[in-house]
Amino acid sequence: MSTTPRPDPGPLTSRNVSALLRDTTPWLSCDECFERMDTYAEALVRDPRHQDEAMAAHLRGCAACDEEARSLIQLLETP
Amino acid sequence: MTAVSRDEQRSNASLVSPPSEVQEPMDWVSALAGEGPQQAVALRELHALMIRAAAHQVWRMRPALPDPSPAAVDVIVNQAADEAMTALLGKLHTFEGRSRFTTWAFKFAILQAATEVRRLQWQHREVELRDFDMPNAPAHEHPELYAEGNDLAAAVAAAMRQVLTPYQRRIAIALLVDGVPIDVLADRLGTNRGALYKTLHDVRVRLRAELTANGYLPVPRGSSPRRASSDSTSRVSPTPTAGTP
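Taken in order, these protein sequences are the chains called A and B.
Numbers in the numbering used here are just positions in the first sequence, counted from 1, shifted up by 20.
Numbers in the numbering used here are just positions in the second sequence, counted from 1, shifted up by 65.
Since the hints were derived computationally from the structure, they do not count as laboratory data.
C-beta: ideal position from N, C-alpha, C; glycine also.
Hints may contain errors.
Claimed, not checked - A few chain B residues that face chain A, going by a derived Cβ cut-off under 7 Å, partial list only:
1) 124
2) 125
3) 129
4) 168
5) 172
6) 242
7) 247
8) 258
9) 269
Unchecked claim - Calculated Cβ distances over 10 Å to all of chain B for the following chain A residues:
10) 33
11) 42
12) 73
13) 76
14) 88
So that you can see chain A by itself, here it is in the shape it has in the complex:
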């Protein structure tokens, strides 16, 4: 692991800006996301219009949890 500062990362791309400014409120931790993930996935499979504001906010902001939630939903939908 290097902590030596390299030259300036350069101009932020629009994708970087979007990621940095993403609204991740209301707060939900990764642990809480994991706790809820099974019930959230089942609810979404039952009703694609299901809404959980905190889960949605967390999944917008955490790529790892988002991938795992999508995967679980896909697995539940697999015949």
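Fit chain B to the known structure of chain A by using the hints.
Coordinates of chain B only, in the frame set by chain A:
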């Protein structure tokens, strides 16, 4: 049997079908916590479930693997399934029946498998914690940002210098600019996903407050624009101990 065939195997539809009002085919918690032949059967069936979910996850992320061969995938799947099963059994007493047991079990295998793939993807790559090296650079030193009309990007960069700590900047750049997976960064820093996500959440709250105060973002309904303050995150996040060092 390879991970491929396991993933493609749809041996017991009742265990993996979409959630419904149908009762679980067995009382998993009692069977797993019990003794004798019933426990042995339950453990075997649980392992098969974990293999299935782990294989599903690894195959989703297979292009990211340094060695995506079926044999290598099979090793990863089995290892992840074993570790996930251990993690699940350690938390068996926390299962409250709010979802099907099988769904609850799947998430352990998916988490373990995804984390392992990300680790393998980055195992030979160095992770650098970069910071902006011109902390007080005036805007005119980056004329290209303005010339390209990228005013918001310049404002975000300026806000990062002004309202974030060096640690917060480095974490944000690693995760959101350099694309280091959060598990990988957590492992290299000796911390965990939750702590890094808390840091990232605080970064976003501070940046949004600063950009709102400067007129780059609309004022949220029901609030007034204000500068990001040192206590701004504690009002949003109920777990201040999980934050930045």
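Violated hints - listed by number, lowest first: Structure breaks hints 1, 3, 10, 11 and 14.
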